[in-house]
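Novice: Fit chain U to the given chain R structure using the hints.
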Amino acid sequence: MPVLSMVQRLKALYIPLLILIAWIIGSGFGFWNSYIIPPPAKVLASGKQLIVSGILFKHAAVSLYRVFAGFAIALLLALPLGILIGMNRRWVRYTEPMLEFIRHIPPLATIPMLILWFGIDETSKLTIIVLATFFPIYLNTVNGIIHCDPKLLEVGRSFGFSRGRLFWRIILPAILPYILIGMRLGLGYSWRSLIGAELIAAAAGIGYMILDAEQLSRPDVIVVGILTIGILGSVIDHAFFRLTRHFTPWGGDEAKHGWG
Amino acid sequence: MAGVNLTQLTKRYTIGSRTFAALDTVDLTIADGSFTTIVGRSGCGKTTLLRLLCGLEAATSGRIEFTYRAGEEETHQRHIGIVFQEPRLMPWLTVAQNIAFSRLGDPDRDRTRAMVESLLKMLGLERFRNAYPSQISGGMAQRVALGRTLCYDPDVILMDEPFGALDYFTRKKLQNEMVELFLSQGKTFILVTHDVEEALTLGQKVIVLEAGRLIREFPVDLPYRRKRTAPEFLSLQEAIFEMILETNHETGNSEGS
Chain R
571 MPVLSMVQRL
581 KALYIPLLIL
591 IAWIIGSGFG
601 FWNSYIIPPP
611 AKVLASGKQL
621 IVSGILFKHA
631 AVSLYRVFAG
641 FAIALLLALP
651 LGILIGMNRR
661 WVRYTEPMLE
671 FIRHIPPLAT
681 IPMLILWFGI
691 DETSKLTIIV
701 LATFFPIYLN
711 TVNGIIHCDP
721 KLLEVGRSFG
731 FSRGRLFWRI
741 ILPAILPYIL
751 IGMRLGLGYS
761 WRSLIGAELI
771 AAAAGIGYMI
781 LDAEQLSRPD
791 VIVVGILTIG
801 ILGSVIDHAF
811 FRLTRHFTPW
821 GGDEAKHGWG
Chain U
40 MAGVNLTQLT
50 KRYTIGSRTF
60 AALDTVDLTI
70 ADGSFTTIVG
80 RSGCGKTTLL
90 RLLCGLEAAT
100 SGRIEFTYRA
110 GEEETHQRHI
120 GIVFQEPRLM
130 PWLTVAQNIA
140 FSRLGDPDRD
150 RTRAMVESLL
160 KMLGLERFRN
170 AYPSQISGGM
180 AQRVALGRTL
190 CYDPDVILMD
200 EPFGALDYFT
210 RKKLQNEMVE
220 LFLSQGKTFI
230 LVTHDVEEAL
240 TLGQKVIVLE
250 AGRLIREFPV
260 DLPYRRKRTA
270 PEFLSLQEAI
280 FEMILETNHE
290 TGNSEGS
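From first to last, the protein sequence lines are chains R and U. Residues 571 to 830 (this note's numbering) make up the first sequence, in order. Residues 40 to 296 (this note's numbering) make up the second sequence, in order.
Looking at chain R on its own, in the form it has when it is part of the complex (with noise of 0.2 Å):
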């Protein structure tokens, strides 16, 4: 890797590093309760302890597991519904005004009826992921068709190519780049939504082990169990972005954003 590359990567560690440094300083001083930030210390041993134990494994799995279930079933639902709607345009005043209806609804506002008629069991978790990924990859895939430059299109047409091979040539790899951003979003917000869940209802995920951490006053797990939730959402991002860069070489807009 290059020096200059390096130096530049090195600059993301710059404010991460400072506020460590912060951190260990406004501690050691005591310039706050250590019930309100926990030293980095204890913080350290902590989390050790639930690693040692696999404690953290455990519940990093459920909510990864509930996270890309969740995702799948959106992905599933969201991208050909969104290609649909996108090829057939004028079904788009039979569907838009329901979708933007639902869309306005934060997903955790309806945990009280997802739990009503779905318990705290898996399902009421992956619906609110549901919910909050579908928009993201459906609007961005809806939006992709319609920017489809028609000047390409005709230049298939010129070619006498039939409406399937216009889409599989044409079509689907010009808006790739506009679905991998969707997906991209949607995985965010599924990861942001599924914390938020298993805060409320749940028996076990990162977001249940900050819960339980707060109700035996262990402040020290709360933040491991924040940075573990950080942690994983960017190294998800950045493999992520990792593949959008592969399955789109010729550099779409979606590879300028992200880690480099």
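A portion of the hints provided could be inaccurate.
[What the hints assert, rightly or not] Subject to a maximum C-alpha distance of 30 Å in a straight line, what follows is the list of computed BS3-like cross-link-like pairs (lysine-lysine): (1) R:Lys721 - U:Lys226; (2) R:Lys721 - U:Lys266; (3) U:Lys266 - U:Lys212; (4) U:Lys244 - U:Lys266; (5) U:Lys212 - U:Lys244; (6) R:Lys721 - U:Lys160; (7) U:Lys244 - U:Lys226; (8) U:Lys226 - U:Lys266; (9) R:Lys721 - U:Lys212; (10) U:Lys226 - U:Lys212; (11) U:Lys226 - U:Lys160; (12) R:Lys581 - R:Lys612.
[As the list claims (entries may be wrong)] Cβ-Cβ distance ranges computed for the label pairs, FRET-style: (13) U:Ser173 - R:Lys618: 56 to 62 Å; (14) U:Glu96 - R:Met668: 35 to 41 Å; (15) R:Phe638 - U:Ala204: 43 to 49 Å; (16) R:Ser804 - U:Ala204: 40 to 46 Å; (17) R:Lys721 - U:Glu104: 47 to 53 Å; (18) R:Tyr635 - U:Gly94: 49 to 55 Å.
Source of the hints: derived by calculation from the structure; they are not laboratory data. The C-beta atom is built at its ideal place from N, Cα and C for all residues, glycine as well.
Specialist: Chain U in isolation, oriented as in the chain R frame:
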């Protein structure tokens, strides 16, 4: 190979309550294996004519016929290929894949591969075969677009001001390459341009269109690799210029509905 016969070809558009004739009862015969250029001002119907020829739009009335040499008609499926004003390359495909794009669905992949290789060589794009359109220059992109159409192997090649967006030097270079290509391919070429010099450099016949009507045909009986300073070239250029300037731009351009 094929020639083209246009009979009373008309295309009208309706904008609001007015109907405009973009092309008005055009009769034209384009010989098999010839190079025809069509000149005229913006809005004279040049592009409409090409779009009708390649089937991107339907004529309001009139007829387009392809004429074939004896015994050839049945075997020919690919009548027309077009090179647009902008390269219109697929951004997700490499140069080589873009050239092969026009033959998608052709079961004879070996033939397609061989054609792509030969076109890459002929158009000087061998070194850029794996580059994406965003990584090549405008001139190169236009060459790829030309390669894509040639790979389609049509009987008639239409070109809609393909060099319009290029700089002077690239334009001249590609004009020369176009002449070589025409001489080597023996296909029917129809090029639309607003540049009279370009029309005379390339065409064996120059068609002047004005307000959707065919005003006049100028045969260009000059050998190729034409000198732009030759007296015959200059006098033809002058005649075409005068014809375009003298024709009233408004005459016949529109008619009430």
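Novice: All hints, please: hold or fail.
Specialist: Hints, verified against the model:
no. : hint                            : in the structure
1   : R:Lys721 - U:Lys226             : holds (25 Å)
2   : R:Lys721 - U:Lys266             : violated (36 Å)
3   : U:Lys266 - U:Lys212             : holds (14 Å)
4   : U:Lys244 - U:Lys266             : holds (17 Å)
5   : U:Lys212 - U:Lys244             : holds (21 Å)
6   : R:Lys721 - U:Lys160             : holds (27 Å)
7   : U:Lys244 - U:Lys226             : holds (15 Å)
8   : U:Lys226 - U:Lys266             : holds (24 Å)
9   : R:Lys721 - U:Lys212             : holds (26 Å)
10  : U:Lys226 - U:Lys212             : holds (21 Å)
11  : U:Lys226 - U:Lys160             : holds (19 Å)
12  : R:Lys581 - R:Lys612             : holds (27 Å)
13  : U:Ser173 - R:Lys618: 56 to 62 Å : violated (48 Å)
14  : U:Glu96 - R:Met668: 35 to 41 Å  : holds (37 Å)
15  : R:Phe638 - U:Ala204: 43 to 49 Å : holds (47 Å)
16  : R:Ser804 - U:Ala204: 40 to 46 Å : holds (43 Å)
17  : R:Lys721 - U:Glu104: 47 to 53 Å : violated (28 Å)
18  : R:Tyr635 - U:Gly94: 49 to 55 Å  : holds (53 Å)
Comparing the model with each numbered hint stated earlier shows that hints 2, 13 and 17 do not hold.
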